[in-house]
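Guided by the hints, dock chains B and C onto chain A, whose structure is given.
Residue numbers (this note's numbering), protein chains in the order written: chain A, 3 to 277; chain B, 38 to 344; chain C, 28 to 160.
Read the hints as simulated data drawn from the structure, not as lab findings.
Treat the hints with care, as some may be off.
Said to hold, decoys possible - Stretch-level coverage of chain C by chain B, calculated; a stretch enters the list once three of its residues show a Cβ under 8 Å from a Cβ in chain B: (1) 28-37; (2) 64-72; (3) 75-83; (4) 119-130.
Using N, Cα and C, we set each Cβ at its ideal position, and we do this for glycine too.
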Amino acid sequence: MTTEASYPRVTWQTVAREQASAVGVSLRREGALMLGALVLLTVLFTVALVRHQSDGNGPVSLNLDPSILFPVVILGFLVPLSVWKGEDPSRREYHWAMPIPRSSHAILKVIFGWSWYMAAVAGVLIWAGLIAIATGGDLGIGGTDGVPLWRWIVPFAAATIAYLLGSMVALGSEHPWAWYAGVVIGFFLLAGTAAAANLPWLLDILGAIRNGPFGLETAITGEIPIPREVTTSWGEVRTMLVGVPALTPWIGAALLWLGLAVSGVLAIAFRHRER
Amino acid sequence: MSSILPTRLGEDPLAITTRSLNKRYGKIAALIDVDLQVPEGAVYVLVGPNGAGKTTLLKILLDLVRADSGEAEVFGLSSRSDGPAVRARIGYVPEGAGWGYGWMRVGRVLEHHSTYYPTWDTEYAERLANAFDLGMDQKVGKLSKGEARRVHLVMALAHRPPVLLLDEPTDGLDPVMRDETLGLLADHLAETGATMLISTHLVHETERLADHIGVIRGGELQAQLNVDDLRRGLRRYRAEVPTGWTGSPTLNGSVLRRQNASNEIQWTIWGDEGDVLAQLKGSGATVREAAAVSLEDAALAMLSRKE
Amino acid sequence: MLISISASDARPIYVQIMDEVRRARVLGTIEPDDPLPSVRQLATELRVNPNTVQQAYRELEREGIVFVRRGQGTFIADSSVNGAQRRLLARGVAERALVDAHRNGVGLDELIAMLHEVAAGQSPPTTNPEKPI
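Isolated chain A (complex conformation) (with noise of 0.2 Å):
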């Protein structure tokens, strides 16, 4: 009845459409709170602008920049959290249990909730483009004045690694929470040693995890500070660290962390071959 060739098998065409509009189910509630937020946001804009309007200042445009979506970028480390709702390691099973290889299942699942989230991330640029075009700002796109092409592709490739180093949470731990804090709180700890204990080569060290030519910080934001000259809002001239924008050293981060994140992601997916 059921030799081993012949039992009726699901194709990965049907399961890539369920798993894609599954994990829009799952992030439908995130989705509505992202929009109840940039409604709520519009809102608070236009009550500013009319009234600084009507206390007799000049009309104010807002300019396109892609570092407003930066906040966006952030939520990418929670992304994956609510992809994978509801199936923390110790109560994947049901996952698990499809008559599919578990691997490819995982990263498929992967794939789709990034998709989900770059169609946030280009829905939030539009939102923001239209408020720049309903306020007469500029688009920033063209032009020697411009921002050049690779800005905008900078958040995108961000919050690329952002989903990704937390899909490595997702699937890998069953406190992902804990992971979160853990990494945060630890690097402030051994910032903290490394001064208080007076441990240059440590500060050196966590300065480059971050801000170095290979830095975190560098992908996600594409500066690298620089030490420039700044009059302070009390007219004080003070030499502060100042993020730049630099092509070159953002390249270099950018691809590493994007390969270290696919290949934890990868290493990860790959685990749950055997238990």
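Frame of chain A, contents of chains B and C only:
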């Protein structure tokens, strides 16, 4: 503990087999050298106390858990190396209520599940959902244990798999739903001729459906046989014995259970009825009764046996 | 036709099903050419393994109590075997009574005498658990 009852079926073909399956969790041995044999089309009831290894055994068949050593096969396919192919042929109802995505509605979960099984019968799924009184719009995570398990039953049955692995299928269900479930399982059997492996500690309920029984205790398979053979070979004998009766030495190896009060003794004995009666009478006992033993009492006798 | 079985009965389930069909036939509740429920229907109704029902129907067919019409199901056969069935049922009752009697140390003569006594009483005999045995 040595086995009194047979542990090997001589039947063919087998839908599910394990060979020398071993699994430890730390110091606890969940499965010790288990040779499970479930014939095609059988309704095999796996009985044992909680923690006896039954759930682990089912999970190894699905490759949700890896055995330490030994093999597990379903229709000749290895659970370990052909996991996806094996799982395509199995309908699984896990114990407990957590299965599927809690944030999905019932209707969506069934739809989601159905895409993975091309043999899914939507009309059958609807019929089952109606019989189980399931609403399509509630989130699975908000269902009661009984409702959630009924959803799991629909998920397992609706694609008419050749093998069903049911872990305590009626647990959490009220009496009406338990009865309904047994009827639906009987109907499913009649229509599909599926092989069913039911893990339970409620033998009484599944007694009418079962045609094979396996008793697992402390990780070991103590008995594995056809219910007809069990029925023929196991008897409860009641006899009066004279004072000073020393027993029948040749019988001692086959006695599963023994209760006595003053000069009347009751034994549950495995063996040919004629032989046993002859031995008992020969030793001076007056046998008053040689009754057939229900599956439940048989399981109880095997599980409560002391070395 | 109502078929009821009990898991705690000493007889295997397929024998119980057969006895129920025999009983219905003897009592006249079913007649020749009446259909029996399909294997699937009866198995579902009784929550019993379909193979068990199948076994019962096969044995009934072997004994000539029922016959199978291809594609239509199982039907009660002609009444010529009625006498034999009645005897079989009676024999079953007698065997059960004797087993019970032996278990309780009641001898054959005593049993027969008691049967007459109880039968001569007004109300139909019951298996009332509250009356002393």
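Hint check results:
no., hint, in the structure
1, 28-37, "holds (count 4)"
2, 64-72, "holds (count 5)"
3, 75-83, "holds (count 5)"
4, 119-130, "holds (count 3)"
In summary, the structure agrees with every hint in the numbered list given earlier.
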